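Note that the sequence shown covers residues 1 to 218 in the UniProt record's numbering.
No wet-lab data here; the hints were simulated from the structure.
What you are looking at is a predicted structure, and each value in this text was computed from that prediction instead of being measured.
Even glycine gets a Cβ: it sits at the ideal position worked out from N, Cα and C.
There could be a bad hint or two in this list.
Stated by the list, open to error - DEER-style ranges, computed between Cβ atoms:
#1 Gly-199 x Gly-37: 22 to 28 Å
#2 Arg-216 x Arg-71: 46 to 52 Å
#3 Pro-70 x Ser-198: 16 to 22 Å
#4 Ala-148 x Ala-209: 35 to 41 Å
#5 Ala-141 x Leu-101: 16 to 22 Å
#6 Glu-193 x Val-15: 19 to 25 Å
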Amino acid sequence: GAAVATTAAGAAGLVDDLDQGAHDGEAPAKGLKGHLGALARGRVTTGALKILVIGAGSAVAGAVMTAADPRPHRGLGGLVDAGVRTVAIASWANVHNLLDLRPGRALKAAGLLAAPMALTQARRAPASAALAGGTLACCAAGLREDLAEQTMLGDTGANTVGALAGASLASHPSPVLRLTSACAGTALVLASEKISFSGVIARTPALAALDALGRRED
């Protein structure tokens, strides 16, 4: 399931990276509201394509995770469970894409999200811990060059690592943790329509210090 979600997220991001706004023309849609509004008017933006592809990949992953859960989920309960898992994956893929405005920021966020799961849940939630460990490995592999501005995650990398981190949360056996993860990811996506994450980070000393850690000075 996680493989489908991360592949879909990466592929959607790659399309956006390669397009560089050419498809959207001189008046590109901005934010979730802008892309969905354009789609409602019959215009498919690259952002709307990302929403559809990442959503579809996350839905497949969520359904697979629900089916693989040793506790049976039937009827409406199964649909709700798969939906929560879907939202957890898709929302965190989007959150990491929104954070990828400064070198290292998205990878630091993914690492902070995955570390507790990887370090404490190996016995209780081995699948979740393994996915979190994979997220940490990706962060460790890419952080140094990202901070040095030798490479860029782009939408491809940010969506992929975010989907992987989201999958680690969505595969956890605790329904409360899955629901909390889905709600938190969704809240951040919706909040981004009104507030600037960069502005919040800049105004919060602890976040600003963490954000600047390891980054070369301008």
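- Message: A range of 22 to 28 Å was offered for this pair. Does it hold for the Cβ distance of Gly-199 and Gly-37?
- Response: Given range 22 to 28 Å: holds, Cβ gap about 24 Å.
- Query: Is the distance from the Cβ of Ala-141 to the Cβ of Leu-101 consistent with 16 to 22 Å?
  - Reply: Given about 21 Å between the Cβ atoms, the range holds.
- For Pro-70 and Ser-198, compare the CB-CB distance with the range 16 to 22 Å and indicate the outcome. Between Pro-70 and Ser-198, where Cβ atoms are some 42 Å apart, the hint is violated.
- Message: Against the range 35 to 41 Å, how does the distance between the Cβ atoms of Ala-148 and Ala-209 compare: consistent or not?
- Response: Violated - the Cβ-Cβ distance for Ala-148 and Ala-209, about 19 Å, lies outside 35 to 41 Å.
- When you take the CB atoms of Glu-193 and Val-15, is the distance between them in 19 to 25 Å? 23 Å, holds
- May I ask you to test the hint 46 to 52 Å on the CB atoms belonging to Arg-216 and Arg-71? 49 Å, holds
Hint compliance for this structure: hints 3, 4 are broken, all remaining hints hold.
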